[in-house]
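> Full structure from sequences and hints, please.
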Amino acid sequence: LRTLKQRWDSVTARANDKKIKLEIALKEATEFHESLQAFVDWLTNAEKILSNLKPVSRVLDTIQEQIEDHKIFQKDVSAHREIMLNLDKKGTHLKYFSQKQDVILIKNLLIS
15 LRTLKQRWDS
25 VTARANDKKI
35 KLEIALKEAT
45 EFHESLQAFV
55 DWLTNAEKIL
65 SNLKPVSRVL
75 DTIQEQIEDH
85 KIFQKDVSAH
95 REIMLNLDKK
105 GTHLKYFSQK
115 QDVILIKNLL
125 IS
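Position one of the sequence shown corresponds to residue 15 (the working numbering), numbered consecutively onward.
Some clues are possibly wrong.
What the hints assert, rightly or not - Simulated restraints, written as ranges between beta carbons of each label pair:
1. K103 with D75: 37 to 45 angstroms
2. D23 with A60: 52 to 60 angstroms
3. T17 with L99: 31 to 39 angstroms
4. I81 with K103: 31 to 39 angstroms
5. F87 with A29: 47 to 55 angstroms
6. R28 with Y110: 19 to 27 angstroms
7. S24 with A60: 49 to 57 angstroms
8. D55 with Q88: 14 to 22 angstroms
9. K109 with D83: 22 to 30 angstroms
10. D23 with Q113: 26 to 34 angstroms
11. I34 with Q113: 14 to 22 angstroms
Hints listed in this document are in silico derivations from the structure and should not be mistaken for laboratory results.
Note that the structure is predicted; figures quoted are calculated from it, not measured.
Heads up, the beta-carbon is just placed ideally off N, CA and C, and yes, glycines get one too.
Below you can see the structure in the form of structure tokens.
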């Protein structure tokens, strides 16, 4: 009977450990995917902004306005650099602790 209790305790402890690991993995994966999606959305919008820019003007007032607009855009790009670096760091962390088939999926998410 004692052996049965020990086995029971072992199974419940291992199951609880697994539950904790799964919850941590879910939290990490959710944060990564949400951050990645937000960054991809921003990046897509930044690409649209660049595609829709008017040609560089040669009229003084217009070129000054274009320069100011571009400075604002550059600040936004610079602000998102840290986000990109954090995403890369999170992705590397997930790859390190993932199974081989998951590593390929994470790499593909970061590449796309």
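> Now, for every hint given, state plainly whether the structure supports it.
Results for each hint:
no.: 1; hint: K103 with D75: 37 to 45 angstroms; verdict: 44 angstroms, holds
no.: 2; hint: D23 with A60: 52 to 60 angstroms; verdict: 55 angstroms, holds
no.: 3; hint: T17 with L99: 31 to 39 angstroms; verdict: 53 angstroms, violated
no.: 4; hint: I81 with K103: 31 to 39 angstroms; verdict: 34 angstroms, holds
no.: 5; hint: F87 with A29: 47 to 55 angstroms; verdict: 52 angstroms, holds
no.: 6; hint: R28 with Y110: 19 to 27 angstroms; verdict: 23 angstroms, holds
no.: 7; hint: S24 with A60: 49 to 57 angstroms; verdict: 53 angstroms, holds
no.: 8; hint: D55 with Q88: 14 to 22 angstroms; verdict: 19 angstroms, holds
no.: 9; hint: K109 with D83: 22 to 30 angstroms; verdict: 38 angstroms, violated
no.: 10; hint: D23 with Q113: 26 to 34 angstroms; verdict: 28 angstroms, holds
no.: 11; hint: I34 with Q113: 14 to 22 angstroms; verdict: 18 angstroms, holds
The structure does not agree with the numbered hints 3 and 9 stated previously, though it agrees with the rest.
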